[in-house]
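J.: Residue strings, one per chain:
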Amino acid sequence: MAMERRRGVTWRSFRTATWLGWQIESNWADPFVFAIYSLVKPLSGALILVFMYAVIAKDGLGSPLFPGVFVGNALFIYVPAVLAGISWTIMDDREHYGMLKYVYAAPVNVLAYLIGRGVAKALVATVAVVLTLLLGTLALGVPIRFAAIDWPLVAAALVLGSAMLALFGILLGAVTMVTARHNYGVGEAVAGGLYLLCGVVFPLDTLPPWLAAVGRALPITYWLEAFRRALLGQSAASFAGLSDVALVGIIAGSSVVLAALATVCFRLAERRARAKGLLDMQTMY
Amino acid sequence: MVSDSFAIRTEDLRRVFRAKRREAKGEKREVVALDGVSFSVDRGELFGVLGPNGAGKTTTIKILATLLSPTSGRAWVAGLDVTTDSKAVRHHIGMVSGGETSGYGLLTIEENLWMFSQFYGIETNVARKRIQELLAVVGLADRSRTKIYHLSTGMRQKMNFVRGFLTEPEILFLDEPTLGLDVQTAHTLRGFVSGWLAEHRDRTILLTTHAMHEADELCSRVAIIDKGRILACDAPGVLKRELQRDAIFRLRIADLGDARAAVGAQPGVSRFTQTRSDDGLNVDAILTSDGALTGVLGSVQAAGGRLLSLEKREPTLEDVFLHVVGHGFDDEAREGGSE
Ligand SMILES: Nc1ncnc2c1ncn2[C@@H]1O[C@H](COP(=O)(O)OP(=O)(O)OP(=O)(O)O)[C@@H](O)[C@H]1O
Ligand SMILES: [Mg+2]
Numbered sequence: 527m528a529m530e531r532r533r534g535v536t537w538r539s540f541r542t543a544t545w546l547g548w549q550i551e552s553n554w555a556d557p558f559v560f561a562i563y564s565l566v567k568p569l570s571g572a573l574i575l576v577f578m579y580a581v582i583a584k585d586g587l588g589s590p591l592f593p594g595v596f597v598g599n600a601l602f603i604y605v606p607a608v609l610a611g612i613s614w615t616i617m618d619d620r621e622h623y624g625m626l627k628y629v630y631a632a633p634v635n636v637l638a639y640l641i642g643r644g645v646a647k648a649l650v651a652t653v654a655v656v657l658t659l660l661l662g663t664l665a666l667g668v669p670i671r672f673a674a675i676d677w678p679l680v681a682a683a684l685v686l687g688s689a690m691l692a693l694f695g696i697l698l699g700a701v702t703m704v705t706a707r708h709n710y711g712v713g714e715a716v717a718g719g720l721y722l723l724c725g726v727v728f729p730l731d732t733l734p735p736w737l738a739a740v741g742r743a744l745p746i747t748y749w750l751e752a753f754r755r756a757l758l759g760q761s762a763a764s765f766a767g768l769s770d771v772a773l774v775g776i777i778a779g780s781s782v783v784l785a786a787l788a789t790v791c792f793r794l795a796e797r798r799a800r801a802k803g804l805l806d807m808q809t810m811y
Numbered sequence: 022m023v024s025d026s027f028a029i030r031t032e033d034l035r036r037v038f039r040a041k042r043r044e045a046k047g048e049k050r051e052v053v054a055l056d057g058v059s060f061s062v063d064r065g066e067l068f069g070v071l072g073p074n075g076a077g078k079t080t081t082i083k084i085l086a087t088l089l090s091p092t093s094g095r096a097w098v099a100g101l102d103v104t105t106d107s108k109a110v111r112h113h114i115g116m117v118s119g120g121e122t123s124g125y126g127l128l129t130i131e132e133n134l135w136m137f138s139q140f141y142g143i144e145t146n147v148a149r150k151r152i153q154e155l156l157a158v159v160g161l162a163d164r165s166r167t168k169i170y171h172l173s174t175g176m177r178q179k180m181n182f183v184r185g186f187l188t189e190p191e192i193l194f195l196d197e198p199t200l201g202l203d204v205q206t207a208h209t210l211r212g213f214v215s216g217w218l219a220e221h222r223d224r225t226i227l228l229t230t231h232a233m234h235e236a237d238e239l240c241s242r243v244a245i246i247d248k249g250r251i252l253a254c255d256a257p258g259v260l261k262r263e264l265q266r267d268a269i270f271r272l273r274i275a276d277l278g279d280a281r282a283a284v285g286a287q288p289g290v291s292r293f294t295q296t297r298s299d300d301g302l303n304v305d306a307i308l309t310s311d312g313a314l315t316g317v318l319g320s321v322q323a324a325g326g327r328l329l330s331l332e333k334r335e336p337t338l339e340d341v342f343l344h345v346v347g348h349g350f351d352d353e354a355r356e357g358g359s360e
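As you go down the protein sequences, you meet chains A and B in turn. Count along the first sequence starting at 1, add 526, and that's the number in the working numbering. Count along the second sequence starting at 1, add 21, and that's the number in the working numbering.
I should point out that these hints are in silico values taken from the structure, not numbers from a laboratory. The reader is advised that the hints may include incorrect statements.
With a straight-line cut-off of 20 Å between C-alpha atoms, the simulated EDC-like cross-links for lysine to aspartate or glutamate are [claimed, not checked]: (1) B:K168 / A:D618; (2) A:K802 / B:D102; (3) B:K333 / B:D267.
Chain A with its partners taken away, still in its complex shape:
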């Protein structure tokens, strides 16, 4: 009975939040704004990268590193979208919409709610990811051949990866929850750091050893690697010894660890927020 009720709450929270998130994110009412934020921004990120390669790298776009970097960069669009997105959701709901307290006073599973909002953000990001990949394939010679794509690996990476990113987001959300004053920067800053550390633009073996070690400890690195293999059939030199199964195992395992960590941290943050009266905090400035 209690169990069933809890499951009902979780599913409703997730479903409703996804619907809400989609309404907010897609904002089709204003296609121009939508296009700017959801497509042009990530696409221009890819173009900057292309430009960098064309100018700096020895072989320009013909560099053997380019396809891997391009794919990593395209998939990385998900990272700020979901990870920063979830902590933004807390700020937005609390301070901008003034709804967080009503969400809390309702029978809502807040973790499921946040994940739902993250899924909506991921859906919108998917549009940008696909467009970027198409651009790479059709115009820049990134060798993705539709017939050769390893779909099971794509599916595994997508499912596990979204869970992992959402959990990362919740971990950050826990910080946001107890941070006073507007703090939209946390998510963005973390995403920026991950961009450098997870082998997106600089393959890990080009980083100083201690930075490379940090990168190796981050599941996002393996997640990007899984996509490189699935889409390009090639892998970064530093992971050549790792089988696909091991790769997926690492992502799954770290997601489990993250889940435990995120849940605990978020519960602690909630308790602290309730103690300090932060659930309905309004920043005055």
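The hints should help you fit chain B with the ligands onto chain A, whose structure is shown.
T.: Same frame as chain A, but now just chain B with the ligands:
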């Protein structure tokens, strides 16, 4: 678990807010918002909490609605401990805060409300029907497709009011629900609240308000609180009757700037308030006996004031408040710069 039949019960509730060091420069570092608050509300009651600004009304509601933990003391809602059983409590409650502009701006009124009903697992067609009915009550029926960011403050407030009743909660917290609404709407909502409770006899409402007549009209019992303490708690009628042994007069005085010396400081005046109107001062004075009136009238005249009218009247809840708290609601509101 279900410890009693009360809808709400609190036991020695205390809440202290600590200001951050650098924010509290020169000010008090600690604010005691609630200082030993104990009361209980039966199922089916409409219980009012009255008090001046900063009395601790909202703090009480936040604790009961599981948004804030008490510093010490305990509280039960629907028989469940709000601190240890907060998740379960949330299945039984609803909350509306007045003077708020919350809502997802991109959604329409209907979408906002429907979304909220989904958290409670209310079927869509049931929800839509209720939404239409409730929107008609608050006069927003023809605006259900309007996006929230196109609504006036009062309209958002009305939508929030609807949100509170939409889920038909067992226990509903209304924190100044008519704040900032026009007189007509406030009147309609008061009518709706008492009608709703008459229709749903097992439901309970805890209402905070500054409008004394609102509390008098609606509440089966009221608690008057000030500085985090309950000063009186009973049915409005009982509280008023207790005052009847005193003499309450209303004087309208022209040509007098301030009645503090001429009335307030006179012997036999136990409480008084003044409000300014176009033609002079309206002064309400609670006297210990009729006999004290002579002295008051004499001193008003001596101060140059001209008596326009004089009326002895029945005690109102406002008088009770004045008597118990020691100063009027209006005085407080003006000092605080609100309303
Ligand atoms: N988050 C907070 N941090 C610090 N102090 C707070 C906080 N919330 C409330 N207080 C203080 O607690 C006291 C009680 O506030 P509360 O909001 O409960 O009053 P209220 O009775 O609802 O007043 P009003 O009629 O103005 O709404 C006030 O002195 C207020 O300054
Ligand atoms: Mg208040």
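J.: Please go over all the hints and tell whether each is borne out by the structure.
T.: Structure-based check of all given hints:
no. : hint            : verdict
1   : B:K168 / A:D618 : holds, 18 Å
2   : A:K802 / B:D102 : holds, 19 Å
3   : B:K333 / B:D267 : holds, 11 Å
Consistency note: the structure conflicts with none of the earlier hints.
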